Amino acid sequence: MDLTPSADQRDLRAGVRDFLAGRWTPDRLRAASASPSGSAAGSAGLDPDDWKALGELGVFALGLPEERGGAGLGLVDAAIVFEELGRALVPGPLTATFLAAGLVPGADDGTSAVTALDLGDPTLVAEHLGSSAQVVLVDDGLWLLPADALAAVPLDAPLDPLTPVWRVTDPPEGGRLIGTGADAERWRTRAAVLTSALQVGVAQGALDLAVRYAKERVQFGRAVGSFQAVKHLLAESLARVDLARAATWTAALAVDGPADRPADGGAAEAVSSAKVLADDAAAANGRCCVQVHGGMGFTWEVAAHLYLKRAWLLETCWGGADEHARRLAATL
Amino acid sequence: MDLRLNDAELAFRDRLRDWLAGVLPELPPAPDRDDWPARRRYDTAWQRRLFDAGYAGVDWPAEHGGLGASPTEQLIFLEETARARAPYVGANFVGLLHAGPTLIVEGTDEQRARHLPRILRGEEVWCQGFSEPDAGSDLASLRTSAVRDGDEYVINGRKVWTSHAEVADFCELLVRTDPEAPRHKGITWLILPMDTPGVQVRPLRTVVGSSEFSELILDDVRVPAANRVGEENDGWRVAMVTFSFERGTAFIGDVVESGNILRETVAIARATPARGGGTLWDDAALRRDAGRLAAEVNGLWALIRKNVSEASAGMVPVQGASVFKLRFTESRQRIADLASHVLGRAALTLEEHVVEDRVNTLSFTIAAGTSQIQRNILAERALGLPKEPRWT
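Protein chains in written order, with UniProt numbering: chain A, 1 to 332; chain B, 1 to 392.
Don't take each hint at face value.
[What the hints assert, rightly or not] Below, computed lysine-lysine pairings styled on DSBU-like, alpha-carbon distance capped at 35 Å:
| no. | chain 1 | residue 1 | chain 2 | residue 2 |
| --- | --- | --- | --- | --- |
| 1 | A | K309 | A | K215 |
| 2 | A | K309 | A | K52 |
| 3 | B | K387 | B | K185 |
| 4 | A | K309 | B | K387 |
| 5 | B | K387 | A | K215 |
| 6 | A | K215 | B | K185 |
Since the hints were derived computationally from the structure, they do not count as laboratory data. Just so you know, these numbers come straight off a predicted model, no measurement behind them.
Bound conformation, chain A alone (with noise of 0.2 Å):
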């Protein structure tokens, strides 16, 4: 038994989040979220070259195997590569175009982007349809669909000003199927686990930013940080992190081969318990981080509220908290 990350985990860690520090820098960020009221599809498009760029470094190829291009890698070092993505609030339709890759040609060397869409939700919303070439329908099997099939529309102000969405005005029916049931609920759990990976990034980030910050601010002649009324906010998200990351690992793990009591339960719960710690840790560092910068953290030029609008956003995918607690409670 290791929960601690290897070596090359380690290191595979350290060069994407080389990567994407050279990449999406502050600066960068700023420039793509500037537009608080632009229309959906003008204002935060995929960059294809960004895209590439991240097929290029491996991401969305890694779980396949060698000798298909990929690096023959598991779920939990995907989780690792995720949890830098969402740190760095990288855009895209990031989980979708991972499980697409090796099922929809195009997705494994980020040449296309692939958004997927679950049947299963009431409300069918479908995330930077506009800079997808493919649609995955996730339903009781899935189907491949051009993503201008759908009949959607872009919504204005889009919450997260990095994630354009699009409302699905007419219920999509056809497309090819390319997988069956049991991949459909495959893909299901593996994308939980993924989302859950990006929250984890996103509150390890809110909680950096909020941390650099009550370290330079000085009120009443003393950094804000030195507080402790402060320091207990930022504590309480250092403890929501890492309990959300081991959780997170431990489903990875949990999901990808036999474990010896990954939780009180299987690997279900190993799942769901992820993404409900997950989705809170993200939500509520995003929070920690705007209330830590006062005044400032409610300006947009501020980072603090893109990381607690992703957050908002992929506390909405793949089963909410509160949906996966309601799975949780039916297995106890």
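Please arrange chain B on chain A, whose structure you already have, making use of the hints.
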């Protein structure tokens, strides 16, 4: 990363399960909560069984009579004994988890030879004399004085929150030997035999109604200088060694119990009729709360495995231990609340285990470093935030 146990660990687990399955049905019923002599007999008899079976001092090095088990094997031991509902470490806590490990690292050969085998065999019970009425979270402000007189120390002062004091043979005692020195530099760690003249034990009644703790009144108590552990005035460092054993894996059994209470609560809710028909479990809010707490318990398991893995790799999981203490104690209180809410007006007697538990868990966020102290530790040591102005 890998969640699987290796073959040796699986074999260790299976042997332990077999032994527990054989020995637990033979145990007498647990004694009454307030019968301290009976509790000592019960807890030490269990320790003797562990010793005879080769499971005493799981985390102690083999050269000092322990099992020398790896951190993962310690996790297995604590998890399996808790799942099998074996007796808790109880009266052996301070000896096995505090004083013994401290003597292993800091004691003299004579001190080790005298105490370690007896602790392992369940023949010697220890208590802790660290906190004082005016020195709680701010432990370094302790004032119980020890004045050197020939080859003895003469001790005067008061200690509080001393568990098992009525039945203890020895006390790990922190005293001030140099009142002039900076506060961390004038403290000494002593072994106090509890039958020394001048030691008075006064039980403190807790909110649970029982006397879990006592106050120690020390009046001209004479302790041989040979009972000193570490150098004179170096006791703060020795105490930090003691504490380093406290925040590791002590709560693993409690996490098992958390899951048990949660499942038992759900079973009661499923069986309890609700006003207007159906059962309490039909309440979506209750199910959601229970599900969130189940996520929390699973998260704590994951964190334990991460902490144990770090310990296996030779790291000291300081941050992980504080995060665990903080989250475990608070969620444990929420689980006790949930259980009481399900019982409703049946929860109005301390005779009900759930209610006693609800009251008892109030101590969890206070003992062994309050939640506020844990947050300070995380903020200052893990996040590097500036220290609060304080005495030095």
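K309 (chain A) and K387 (chain B): Cα distance at most 35 Å? The given pair, whose Cα atoms are some 32 Å apart, holds under the 35 Å limit.
For the pair supplied as a hint, K387 (chain B) and K185 (chain B), is the alpha-carbon distance within the 35 Å limit? Cα-Cα ~20 Å, so holds.
For the pair supplied as a hint, K309 (chain A) and K52 (chain A), confirm whether the alpha-carbon distance does not exceed 35 Å. Status holds; Cα separation ~25 Å.
Within a Cα-Cα threshold of 35 Å, do K387 (chain B) and K215 (chain A) meet the stated pairing? holds, 11 Å
35 Å limit on alpha-carbon distance, applied to hinted pair K309 (chain A) and K215 (chain A): With a Cα-Cα distance of about 24 Å, the restraint between K309 (chain A) and K215 (chain A) holds, given a limit of 35 Å.
Is K215 (chain A) within 35 Å of K185 (chain B), Cα to Cα? Between K215 (chain A) and K185 (chain B) the Cα gap is close to 31 Å, so the pair holds against 35 Å.
Comparing the model with each earlier hint shows no violations; every hint is respected.
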